[in-house]
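Number of protein chains: 4
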Amino acid sequence: MAKKRQERFEMLRESSKARIEKAALELFAHNGYGHTSISKIAAAAGISKGLMYNYYDSKEALLQAILQKGLDFGDSLLEGLPEDPKALLVFVVEASFQEVINNLEFWKLLTSLTFQEDVLKTFAPQFEQKKKEFIQLGTFTFQQLGHPDPEMQAMLFGAAMDGVFLHYILSPNDYPLEEVKCLLIENFCKKYK
Amino acid sequence: MAKKRQERFEMLRESSKARIEKAALELFAHNGYGHTSISKIAAAAGISKGLMYNYYDSKEALLQAILQKGLDFGDSLLEGLPEDPKALLVFVVEASFQEVINNLEFWKLLTSLTFQEDVLKTFAPQFEQKKKEFIQLGTFTFQQLGHPDPEMQAMLFGAAMDGVFLHYILSPNDYPLEEVKCLLIENFCKKYK
Amino acid sequence: MAKKRQERFEMLRESSKARIEKAALELFAHNGYGHTSISKIAAAAGISKGLMYNYYDSKEALLQAILQKGLDFGDSLLEGLPEDPKALLVFVVEASFQEVINNLEFWKLLTSLTFQEDVLKTFAPQFEQKKKEFIQLGTFTFQQLGHPDPEMQAMLFGAAMDGVFLHYILSPNDYPLEEVKCLLIENFCKKYK
Amino acid sequence: MAKKRQERFEMLRESSKARIEKAALELFAHNGYGHTSISKIAAAAGISKGLMYNYYDSKEALLQAILQKGLDFGDSLLEGLPEDPKALLVFVVEASFQEVINNLEFWKLLTSLTFQEDVLKTFAPQFEQKKKEFIQLGTFTFQQLGHPDPEMQAMLFGAAMDGVFLHYILSPNDYPLEEVKCLLIENFCKKYK
DNA sequence: GATGAATGAGTTTTCATTCAT
DNA sequence: GATGAATGAAAACTCATTCAT
Numbered sequence: 000m001a002k003k004r005q006e007r008f009e010m011l012r013e014s015s016k017a018r019i020e021k022a023a024l025e026l027f028a029h030n031g032y033g034h035t036s037i038s039k040i041a042a043a044a045g046i047s048k049g050l051m052y053n054y055y056d057s058k059e060a061l062l063q064a065i066l067q068k069g070l071d072f073g074d075s076l077l078e079g080l081p082e083d084p085k086a087l088l089v090f091v092v093e094a095s096f097q098e099v100i101n102n103l104e105f106w107k108l109l110t111s112l113t114f115q116e117d118v119l120k121t122f123a124p125q126f127e128q129k130k131k132e133f134i135q136l137g138t139f140t141f142q143q144l145g146h147p148d149p150e151m152q153a154m155l156f157g158a159a160m161d162g163v164f165l166h167y168i169l170s171p172n173d174y175p176l177e178e179v180k181c182l183l184i185e186n187f188c189k190k191y192k
Numbered sequence: 000m001a002k003k004r005q006e007r008f009e010m011l012r013e014s015s016k017a018r019i020e021k022a023a024l025e026l027f028a029h030n031g032y033g034h035t036s037i038s039k040i041a042a043a044a045g046i047s048k049g050l051m052y053n054y055y056d057s058k059e060a061l062l063q064a065i066l067q068k069g070l071d072f073g074d075s076l077l078e079g080l081p082e083d084p085k086a087l088l089v090f091v092v093e094a095s096f097q098e099v100i101n102n103l104e105f106w107k108l109l110t111s112l113t114f115q116e117d118v119l120k121t122f123a124p125q126f127e128q129k130k131k132e133f134i135q136l137g138t139f140t141f142q143q144l145g146h147p148d149p150e151m152q153a154m155l156f157g158a159a160m161d162g163v164f165l166h167y168i169l170s171p172n173d174y175p176l177e178e179v180k181c182l183l184i185e186n187f188c189k190k191y192k
Numbered sequence: 000m001a002k003k004r005q006e007r008f009e010m011l012r013e014s015s016k017a018r019i020e021k022a023a024l025e026l027f028a029h030n031g032y033g034h035t036s037i038s039k040i041a042a043a044a045g046i047s048k049g050l051m052y053n054y055y056d057s058k059e060a061l062l063q064a065i066l067q068k069g070l071d072f073g074d075s076l077l078e079g080l081p082e083d084p085k086a087l088l089v090f091v092v093e094a095s096f097q098e099v100i101n102n103l104e105f106w107k108l109l110t111s112l113t114f115q116e117d118v119l120k121t122f123a124p125q126f127e128q129k130k131k132e133f134i135q136l137g138t139f140t141f142q143q144l145g146h147p148d149p150e151m152q153a154m155l156f157g158a159a160m161d162g163v164f165l166h167y168i169l170s171p172n173d174y175p176l177e178e179v180k181c182l183l184i185e186n187f188c189k190k191y192k
Numbered sequence: 000m001a002k003k004r005q006e007r008f009e010m011l012r013e014s015s016k017a018r019i020e021k022a023a024l025e026l027f028a029h030n031g032y033g034h035t036s037i038s039k040i041a042a043a044a045g046i047s048k049g050l051m052y053n054y055y056d057s058k059e060a061l062l063q064a065i066l067q068k069g070l071d072f073g074d075s076l077l078e079g080l081p082e083d084p085k086a087l088l089v090f091v092v093e094a095s096f097q098e099v100i101n102n103l104e105f106w107k108l109l110t111s112l113t114f115q116e117d118v119l120k121t122f123a124p125q126f127e128q129k130k131k132e133f134i135q136l137g138t139f140t141f142q143q144l145g146h147p148d149p150e151m152q153a154m155l156f157g158a159a160m161d162g163v164f165l166h167y168i169l170s171p172n173d174y175p176l177e178e179v180k181c182l183l184i185e186n187f188c189k190k191y192k
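Residue numbers (numbering that gives the first Met the number 0), protein chains in the order written: chain S, 0 to 192; chain E, 0 to 192; chain L, 0 to 192; chain H, 0 to 192.
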């Protein structure tokens, strides 16, 4: 039947796409987007150069596909937040750390791309929106906790997390992530008189 | 002192070498190392492509020369430190923020290179050393201030600063650097019971 | 007769082969042979790329098949000619103009291929033969009409027709084909003293 | 002196550019623009592929440069026209034939490009303008010569010339250009009662 | 017959680097 | 020192063709 064939092709396609995206993410994260050639991706994925272009219009389109997948995945962070402000902050910290641990390569890639603005322009609006939401949530929560300058504290809080992630991403094997996380919680997730 | 580097620039201001490095730093910081061609650097510096190779063996050697200058800072940071632990932390924060403000382009470049391991490999040992010294100083100081886990607190402190710098570097015009700095001092530079 | 080709198309109308040739002719004529990919032809014909290779050995073989059909015309042109020399010339003009109008795309393609010698090399002998026959017929006719240099006049006559067709093919919507045809007849299809 | 060096470089550049344009025109005219790769041009010109891009931004820019040069050259056709209408037509015929003979390859290239509209879009306005001028001149002249439909006659006249050129371009060695030219003059450059 | 995933040779283009002057 | 013409390796991308199903 025709369906069988279509299914088979669908499977082939998905398997190849997955292989390509896996190889590309790995190489992009490790060597940088600019330093990773299609040839290397194809070699790592065990396919020919040309096949990539059956699935993605360009090298950049491949990157976009990888980023989109990662962003879809991370959308769930702000769901199911606790009501209690202290608990909420702790939850955000825990969830964020878990996400970075789980998708280390993706976050490494994303962070490295931050400095090549042109490649990220497609996603810039989405990022700005998320950042704003994060700051707003933080501002509101630090206000509840009695902080005198909740918005700035939210920014500092975000910066501290990003700083930790930066260090962790750069040497994930050595970094005492768990301990730093605990101190981060102690330092920020508390009543401010 | 940061003045050292400035002096060096002063001395070379009129020389081709200085013009090359100035143009290169600007372009590298703005457009990225990989996206900046020798042609553009030469044009911006007002010299010929060939002359570059009289001074530097390669594009990477030019980069290394630029980076080398940045390493002077760390040395000067740890000079003339106050005795008092609280004052010391405040001093380090103030000096670091000032350095990043003064040499924004250099730090933007350095941060962007963080994710191109190969390019930085020459400096990796030096950076590791500086980082260790910074952590040791922090550890000692937080101990003096009575923190129960001074080493981890030093790491968190360093991460928070780097996070703030990261955000500032990415949008230097919008970022409320001064306010965040004050909060950073309030949050970290204090007695811990 | 031109009907021959049409019949052939009728018979194959529903078949994949006819759909392929129809789509290919359209695309070749509009976008050029070189700029038309097999993928686009297959998509336009509603078949798979692979199927094309069941019918034709290569892209060029497909082109050759399309061109072969056009050669039928010349054969039919010289059938049923009037005896009277003036009437004969008028008949040739009318029939040729009608053929170009009816099969505009085919003639557009053929003309554009004129400048890609390699592609036409298969047909070069056939074309040469037709041209020679046409010139001979013209020579004979202009002789009957009393022209002092009938062969050269035949060549000029053929060139004038081809020139008109060239202009018409390049902007079929604007060109005053009918008026120019009338003048062509007036200028050439007459007694030369 | 600096001037000497600049002159020397200027000469080098011009000589390379001339070699490139000569090779390109030859190959474009013979094999078609699309079938001629940069590699082949470079090989024919005895230079490296890369050098082309020192002088032209792209393959298309090289083509444009070649076309522009040819058009500048052909601009002089309509200068110094005789007053007498018959003599004017003869003059146009003679000058046009001479131009095509002198720059055969250029005209072959230009004609072949007529069917790849996209490449010519830069020049389309210029061509339209020239064509219009030519038709207007012809219309006016045939009117002077007493032709009842001078505009259409001008179009036929232009078509006849283009047709002759087309045939000549396609087999320049065999074509009896001189004789056909004489007949063209006899047929068109005369009083129409 | 029919499909479309997969291939790989070929194309345009970029750019760090060399070198004759 | 200084120049910029010239090189060539490598990059992104295209597409006719093959082949397992």
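Honestly, the hints are just simulated from the structure, not real lab data. Here the structure is a predicted model, which means the values were calculated and not measured. We put the beta carbon where it would ideally sit given N, CA and C, even for glycine. It is possible that part of the hints are untrue.
Not close to chain E: a few residues of chain S, all C-beta gaps over 12 Å, as computed [to be verified]:
#  : residue
1  : E6
2  : F8
3  : M10
4  : A28
5  : H34
6  : E98
7  : G157
8  : H166
9  : K180
10 : C181
11 : K190
What follows is a list of derived Cβ distance ranges for each label pair [to be verified]:
#  : chain 1 : residue 1 : chain 2 : residue 2 : range
12 : S       : L176      : E       : K48       : 44 to 54 Å
13 : E       : L70       : S       : I184      : 30 to 40 Å
14 : E       : E25       : L       : D56       : 37 to 47 Å
15 : L       : P171      : H       : L103      : 26 to 36 Å
Now for the hints, and whether the structure bears them out:
Consistency note on S/E6: stated as away from chain E, and its beta-carbon is indeed over 12 Å from all of that chain's, at 40 Å minimum. No beta-carbon of chain E comes within 12 Å of the beta-carbon of S/F8; the shortest separation is about 37 Å. Consistency note on S/M10: stated as away from chain E, and its beta-carbon is indeed over 12 Å from all of that chain's, at 35 Å minimum. In this structure S/A28 is not separated from chain E by more than 12 Å, as the shortest Cβ-Cβ distance comes to only about 9 Å.
Not every CB of chain E lies more than 12 Å from the CB of S/H34, the least distance being 7 Å, so the non-interface label is violated. Interface exclusion of S/E98 from chain E stands, the closest Cβ pair being 17 Å apart, more than 12 Å. Listed as outside the interface, S/G157 is inconsistent with that label: its C-beta sits roughly 7 Å from the nearest C-beta of chain E, within the 12 Å cut-off. Not every Cβ of chain E is farther than 12 Å from the Cβ of S/H166; the closest lies at roughly 5 Å, contradicting the non-interface assignment.
For S/K180, the non-interface assignment is contradicted: its Cβ lies about 9 Å from the closest Cβ of chain E, within the 12 Å cut-off. Residue placement check: S/C181 does not keep its beta carbon more than 12 Å from all beta carbons of chain E (closest about 8 Å). S/K190, annotated as away from the interface, keeps every beta carbon of chain E farther than 12 Å; the closest lies near 14 Å. A C-beta distance of roughly 46 Å is found between S/L176 and E/K48, which places it inside the suggested range of 44 to 54 Å.
The beta-carbon spacing between E/L70 and S/I184, approximately 35 Å, falls within the hinted interval of 30 to 40 Å. Checked against the hint of 37 to 47 Å, the C-beta distance between E/E25 and L/D56 comes to roughly 59 Å, which is inconsistent with it. Restraint check, L/P171 to H/L103: a C-beta distance of roughly 28 Å satisfies the suggested window 26 to 36 Å.
In summary, the numbered hints that this structure violates are 4, 5, 7, 8, 9, 10, 14.
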